[in-house]
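Asks: What follows is the residue order along each chain.
There are 2 protein chains.
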Amino acid sequence: MPRLTFWYDFASTYSYIAAHTVGPAAEKAGVDVVWRPFLLGAVFAPQGLTDSPFNMFELKGRYMWRDMQRLADDNGLPFKRPEEFPQRSILANRVAAVAGDRVGDVTRAIYSAEFGEGRPIATDEDLAPVLTGLGLDAAALLADAVSPEGKQALRSNTDAALEAGVFGAPTFTTEDGEVFWGSDRLAQALAWATSHTA
Amino acid sequence: MPRLTFWYDFASTYSYIAAHTVGPAAEKAGVDVVWRPFLLGAVFAPQGLTDSPFNMFELKGRYMWRDMQRLADDNGLPFKRPEEFPQRSILANRVAAVAGDRVGDVTRAIYSAEFGEGRPIATDEDLAPVLTGLGLDAAALLADAVSPEGKQALRSNTDAALEAGVFGAPTFTTEDGEVFWGSDRLAQALAWATSHTA
Chain S
1 MPRLTFWYDF ASTYSYIAAH TVGPAAEKAG VDVVWRPFLL GAVFAPQGLT
51 DSPFNMFELK GRYMWRDMQR LADDNGLPFK RPEEFPQRSI LANRVAAVAG
101 DRVGDVTRAI YSAEFGEGRP IATDEDLAPV LTGLGLDAAA LLADAVSPEG
151 KQALRSNTDA ALEAGVFGAP TFTTEDGEVF WGSDRLAQAL AWATSHTA
Chain X
1 MPRLTFWYDF ASTYSYIAAH TVGPAAEKAG VDVVWRPFLL GAVFAPQGLT
51 DSPFNMFELK GRYMWRDMQR LADDNGLPFK RPEEFPQRSI LANRVAAVAG
101 DRVGDVTRAI YSAEFGEGRP IATDEDLAPV LTGLGLDAAA LLADAVSPEG
151 KQALRSNTDA ALEAGVFGAP TFTTEDGEVF WGSDRLAQAL AWATSHTA
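If you read the sequences in order, they're chains S and X. The letter at position 122 of the first sequence is residue 122 when you use full-length UniProt numbering, and the numbering goes up by one with no holes. The letter at position 183 of the second sequence is residue 183 when you use full-length UniProt numbering, and the numbering goes up by one with no holes.
No wet-lab data here; the hints were simulated from the structure. Any given hint could turn out to be false.
[Said to hold, decoys possible] Below, a list of computed lysine-lysine pairs in the DSS-like style, where the Cα atoms sit at most 30 Å apart:
1. K28/X to K80/X
2. K151/X to K28/S
3. K60/X to K151/S
4. K28/S to K60/S
5. K28/S to K80/X
6. K151/S to K151/X
Using the sequences plus the hints, can you model the full thing?
Replies: In structure tokens, the structure reads:
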């Protein structure tokens, strides 16, 4: 079965849309999804981006929030803008990086808390109820996330993202190295994955 | 019939795709297209953008050229990257601004020369064969373009773009003031135009 890698960071707004659409669309296309949380700041830094481009370019930022509302509506997803943006996402990224075969559920639930309900997602206290709501052992998972292995897992994903040519989020990459940037490139990425697999 | 305004500048790569897809898609949706060439640089300047973002952010630029090739392939359009990017587009923009009811043909033909064949489009000599190929009086149209009225036509469009909240190209705006940025937002913009018209 062809594979599509989905690169995301909980600081990324459009990744909320992608996280909720990639699963069903990939299943329909017969494609396996590899969930890869990474540290977007580490990918922005070499580009000279010291903050979210949506904060650095005000008009683009204002547009993004309106666009997000429309995309959420189009996809039947709730949307609420969090008070703080971007939120400190490193803990949530680490949790997803150690979530094993529950990574899809964990990713969707954290994004829904953040952009569906506008909740903070930066701390243990923020994330615990989200994880508990999935029937997971929140304390154990949060401890794993900040263990040396948890930190290394996110670092490895971030190195792999840079290696794969990822420069923003969400990004989809195929096994033959094609890069597709943006939630709006999901269909194109899946079509590529299914038509270019040996 | 609902109307969709299509804002573009010949310095914009993705507008090549939009210029060739907006007509057929709008006709199918029962929407009138208003073609509005404008000066992208005047919209970039207040954002602190002194060059194409695709030149300022190298990774994004490299990705854009690959993405353009794929989008051209997907839409059955030829694609050849011009040696110079961005090209000086003010004359071509002015020509489109004075092209009257041939604006769609003129716009598509100039974009095809530029990004379908990779040709220069900056000067009278570059544009004359393109216009002649459409059966137009190239000399007359090029003279109109740089007349006071031609210059004012492009200036008015640019002022209107800023007024409408345009911050990049291509952009589509609806009669009720919604802004859609990017060739990949065409279907969404048309759906909005048809469903939100009184």
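Asks: Could you grab the alpha-carbon distance between K151/S and K151/X and see if it respects the 30 Å cut-off?
Replies: violated (58 Å)
Asks: Tell me if the straight-line CA distance from K28/S to K60/S falls inside 30 Å.
Replies: violated (33 Å)
Asks: Take a quick look at whether K60/X and K151/S sit within 30 Å of each other, Cα to Cα.
Replies: OK: K60/X and K151/S at ~28 Å, within 30 Å.
Asks: Quickly compare the C-alpha distance for K28/X and K80/X to 30 Å and report which way the hint goes.
Replies: Holds, at roughly 29 Å.
Asks: Quickly compare the C-alpha distance for K28/S and K80/X to 30 Å and report which way the hint goes.
Replies: The given pair, whose Cα atoms are some 34 Å apart, is violated under the 30 Å limit.
Asks: Given the hinted pair K151/X and K28/S, is their Cα-Cα distance within 30 Å?
Replies: violated (52 Å)
Hint violations for this structure: numbers 2, 4, 5, 6, all remaining hints satisfied.
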